[in-house]
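Quick mapping for you: the protein sequence lines, in order, are chains A and B. Count along the first sequence from 1, then add 173; that gives the number in the working numbering. Count along the second sequence from 1, then add 173; that gives the number in the working numbering.
Calculated directly from the structure, the hints in this document are not laboratory data. Just so you know, not all the hints are guaranteed correct.
Copies of one chain are not kept apart here, so a pair can be met inside one copy or by any two copies together.
As the list claims (entries may be wrong) - No farther apart than 25 Å at their CA atoms in a straight line, the calculated lysine to aspartate or glutamate pairs in the DMTMM-like style are these: (1) Lys-445 with Asp-378; (2) Lys-200 with Glu-340; (3) Lys-417 with Glu-384; (4) Lys-417 with Glu-429; (5) Lys-417 with Asp-448; (6) Lys-417 with Glu-444; (7) Lys-445 with Asp-377; (8) Lys-417 with Asp-430; (9) Lys-445 with Glu-380; (10) Lys-200 with Glu-179; (11) Lys-445 with Glu-384; (12) Lys-237 with Glu-179; (13) Lys-417 with Asp-442; (14) Lys-445 with Glu-302; (15) Lys-263 with Asp-226; (16) Lys-205 with Asp-226; (17) Lys-445 with Glu-418; (18) Lys-417 with Glu-380; (19) Lys-263 with Asp-328.
Protein chains: 2
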Amino acid sequence: MTQQFETVALIGIGLIGSSIARDIRHKGLAGKIIVSTRSQATLTRAQELGLGDLYTTSSAEAVKDADLVIVSVPVGASGSVAAEIAAHLKPGAIVTDVGSTKASVIAQMKPHLPDSVHFIPGHPIAGTEYSGPDAGFIGLFQGRWCILTPPPGTDEAAKAKLRMFWEALGSMVDEMDPEHHDKVLAIVSHLPHIIAYNIVGTADDLETVTESEVIKYSASGFRDFTRLAASDPTMWRDVCLHNKEAILEMLARFSEDLAYLQRAIRWGDGEKLFDLFTRTRTIRRSIVQAGQDTDMADFGRHAMDQKT
Amino acid sequence: MTQQFETVALIGIGLIGSSIARDIRHKGLAGKIIVSTRSQATLTRAQELGLGDLYTTSSAEAVKDADLVIVSVPVGASGSVAAEIAAHLKPGAIVTDVGSTKASVIAQMKPHLPDSVHFIPGHPIAGTEYSGPDAGFIGLFQGRWCILTPPPGTDEAAKAKLRMFWEALGSMVDEMDPEHHDKVLAIVSHLPHIIAYNIVGTADDLETVTESEVIKYSASGFRDFTRLAASDPTMWRDVCLHNKEAILEMLARFSEDLAYLQRAIRWGDGEKLFDLFTRTRTIRRSIVQAGQDTDMADFGRHAMDQKT
Ligand SMILES: NC(=O)c1ccc[n+]([C@@H]2O[C@H](COP(=O)([O-])OP(=O)(O)OC[C@H]3O[C@@H](n4cnc5c(N)ncnc54)[C@H](OP(=O)(O)O)[C@@H]3O)[C@@H](O)[C@H]2O)c1
Ligand SMILES: NC(=O)c1ccc[n+]([C@@H]2O[C@H](COP(=O)([O-])OP(=O)(O)OC[C@H]3O[C@@H](n4cnc5c(N)ncnc54)[C@H](OP(=O)(O)O)[C@@H]3O)[C@@H](O)[C@H]2O)c1
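Pulled out of the complex, with its shape left as it was, chain A reads as follows (with noise of 0.2 Å):
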């Protein structure tokens, strides 16, 4: 693929920041990767893994070159980043990130950004469990959406060409307002990880089921659950804090709708059962239509299996 920027500086270098590195290094994207990071443990790391040209732990110093400017930090980290890199941005630079939370986001970055940089947020819909940047890989963003939430009056060329970035990576592109976007996200996303972190926490603390038995049968269903609850505790306490009002409103639909449930349960209502049970499916099988996820049986893991 041909360059797209003369220079891309990446603040985080995590998951998602170190993904973008080797995407944009393996499909040649800019001619100039610049890392930066707070410790000098992950830049280190960063380093050996080859994933810049330039190495810093001043983000200052990372942005002032930059076309291309991308924040991957915890969403509660993002008003500090902002802070930091505001009074050394290069004029015409656009400033996006990839948060999972954006109302939140914007209302901590925005009131530090210049005029003169173009400011559009973003978020992948892209991730696994895992964290740091030995965890990024080729190919984490293709094809997955990538949402951007411009604000109101975005300049035009510069929205298209964060546009076509994205889908160099092999992401489809959305544009939302922020708040829908949070709204959307407390569901597909925010209320999924709570709920595992919650029902693996209910299991660790029962008394009368042991934790060994717990881990001995998990294959009957809990170990989903496990895999969202391993994941990164900060990022997910900033996203419970940066997105409370959303999430609040979709745990209070759950319970409702859980409550539902468990009358049904207790009154022995089959029917009532078979229906949520049968309704449930279609939406598996559009996930699966719309190349949202693998038909292989459970995920593909006994394929897995197999292998190692």
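With chain A held as given, fit chain B with the ligands onto it using these hints.
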């Protein structure tokens, strides 16, 4: 491997029954496999797949020469199957099942069965979200646990034979009393499925988020739940109806814990959130170490994507 039984009768030939049939054939564990299912359509399909040596829609007919009878039907149908076969069982035969609940299956089957047979209920902790004879495969039980819940006074030799059979299928075998089984499975299997069905239902009902959005962005967590929520409605209705007490107990614990978590989110208590989100990672690690799940990112789905 060497033959363990002269004649095995399989009553029910869906995911579980047909996987057992394939393993028996593959490993030469029986001289003859008799396949029985209530519908002609499923029986014909089983015959096309070559799952057995003899085929019949009469379970009474199927069991008359069998040394091992394995009942693999929804738990709500255990009683009627037991009533059908009882008078035709060969003295000394071992009768077992694979139902996901145990106290209820025993209550339904035991009264019908003659003292001349060995009734040893069982439950292999393995499965997928698919059902029917096409869904089964060789190796489903490999590396997974199988729980037996033999009544007090069960013949030791018969128990040892059944154990050896599951071990030949690659399983590790545990024994416990049916009430404990039902409690353990309520948390490791039944609650995860109910929660998954529930959240998919909640998402489906929202007015503010469209179904198309839920599908497009499902890779951010939601899709994991849709797999469990695509499981067979009849099977899961029966599980809910037949393990009511234990499920309601676990649901109450789960809801209590969720209220606590909700409160932490409402009050912005980052420390409480961080603590829970850290504690839950340990269980995941133990499950992977115990060989009960892959440690590949995203269950290795990405590797699957690459292959297709
Ligand atoms: N993980 C996912 O599945 C996923 C998916 C989509 C979007 N996201 C979003 O992507 C962003 C990054 O997630 P990730 O999974 O890549 O995280 P990660 O692997 O944990 O990496 C985090 C990066 O941010 C830096 N960082 C952490 N705390 C910081 C702070 N207080 N100030 C400045 N830098 C800090 C880390 O630096 P050091 O290592 O040097 O401390 C590291 O470079 C988050 O906003 C997350 O919401 C994640
Ligand atoms: N699926 C899992 O992951 C899993 C795991 C462990 C244990 N189990 C347990 O294994 C058992 C079978 O599950 P499965 O997944 O193999 O189911 P399945 O694929 O849906 O097959 C069900 C079998 O039972 C027969 N059947 C259905 N309703 C019946 C009725 N009312 N009376 C008599 N026969 C009936 C079906 O016959 P027709 O097709 O001819 O109607 C078919 O042969 C269940 O008790 C389940 O709890 C399941």
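Verification of the supplied hints:
Taking CA atoms no more than 25 Å apart as the test, Lys-445 paired with Asp-378 passes between copies only; the shortest distance there is 15 Å, against 31 Å inside one copy. Taking identical chains as interchangeable, the C-alpha atoms of Lys-200 and Glu-340 lie at most 25 Å apart only when both belong to the same chain, with a minimum of 12 Å there against 50 Å between chains. For the homomeric pair Lys-417 and Glu-384, the shortest alpha-carbon distance between copies (23 Å) is at most 25 Å, but the shortest distance inside one copy (32 Å) is not. Taking the shortest Cα distances, Lys-417 and Glu-429 sit within 25 Å of each other both inside one copy (18 Å) and across copies (19 Å).
Taking CA atoms no more than 25 Å apart as the test, Lys-417 paired with Asp-448 passes between copies only; the shortest distance there is 18 Å, against 32 Å inside one copy. Taking the closest pair of Cα atoms, Lys-417 and Glu-444 come within 25 Å of each other only across two copies (15 Å); inside a single copy the shortest separation is 36 Å, beyond that limit. Taking the closest pair of Cα atoms, Lys-445 and Asp-377 come within 25 Å of each other only across two copies (16 Å); inside a single copy the shortest separation is 31 Å, beyond that limit. Within a single copy, Lys-417 and Asp-430 get their C-alpha atoms as close as 20 Å, and across copies as close as 18 Å, so both meet the 25 Å cut-off.
With identical chains, the CA atoms of Lys-445 and Glu-380 are at most 25 Å apart between copies only, with a shortest distance of 22 Å across copies and 32 Å within one. In this assembly of identical chains, the alpha carbons of Lys-200 and Glu-179 lie at most 25 Å apart only when taken from the same copy (14 Å versus 62 Å across copies). Proximity of Lys-445 and Glu-384 under a CA criterion of 25 Å is satisfied inter-copy only: 22 Å between copies versus 33 Å inside one chain copy. Taking CA atoms no more than 25 Å apart as the test, Lys-237 paired with Glu-179 passes inside one copy only; the shortest distance there is 13 Å, against 79 Å between copies.
For the homomeric pair Lys-417 and Asp-442, the shortest alpha-carbon distance between copies (11 Å) is at most 25 Å, but the shortest distance inside one copy (35 Å) is not. Taking the closest pair of Cα atoms, Lys-445 and Glu-302 come within 25 Å of each other only across two copies (20 Å); inside a single copy the shortest separation is 35 Å, beyond that limit. Proximity of Lys-263 to Asp-226 under the C-alpha cut-off of 25 Å is restricted to the intra-copy arrangement: shortest distance 19 Å within a copy versus 77 Å between copies. Taking the closest pair of Cα atoms, Lys-205 and Asp-226 come within 25 Å of each other only inside a single copy of the chain (6 Å); across copies the shortest separation is 67 Å, beyond that limit.
Within a single copy, Lys-445 and Glu-418 get their C-alpha atoms only as close as 31 Å, which misses the 25 Å cut-off; across copies the closest is 18 Å, which meets it. Proximity of Lys-417 to Glu-380 under the C-alpha cut-off of 25 Å is restricted to the inter-copy arrangement: shortest distance 19 Å between copies versus 32 Å within a copy. Taking the shortest alpha-carbon separations for Lys-263 and Asp-328, only the intra-copy value of 16 Å comes in at or below 25 Å, while the best inter-copy value is 82 Å.
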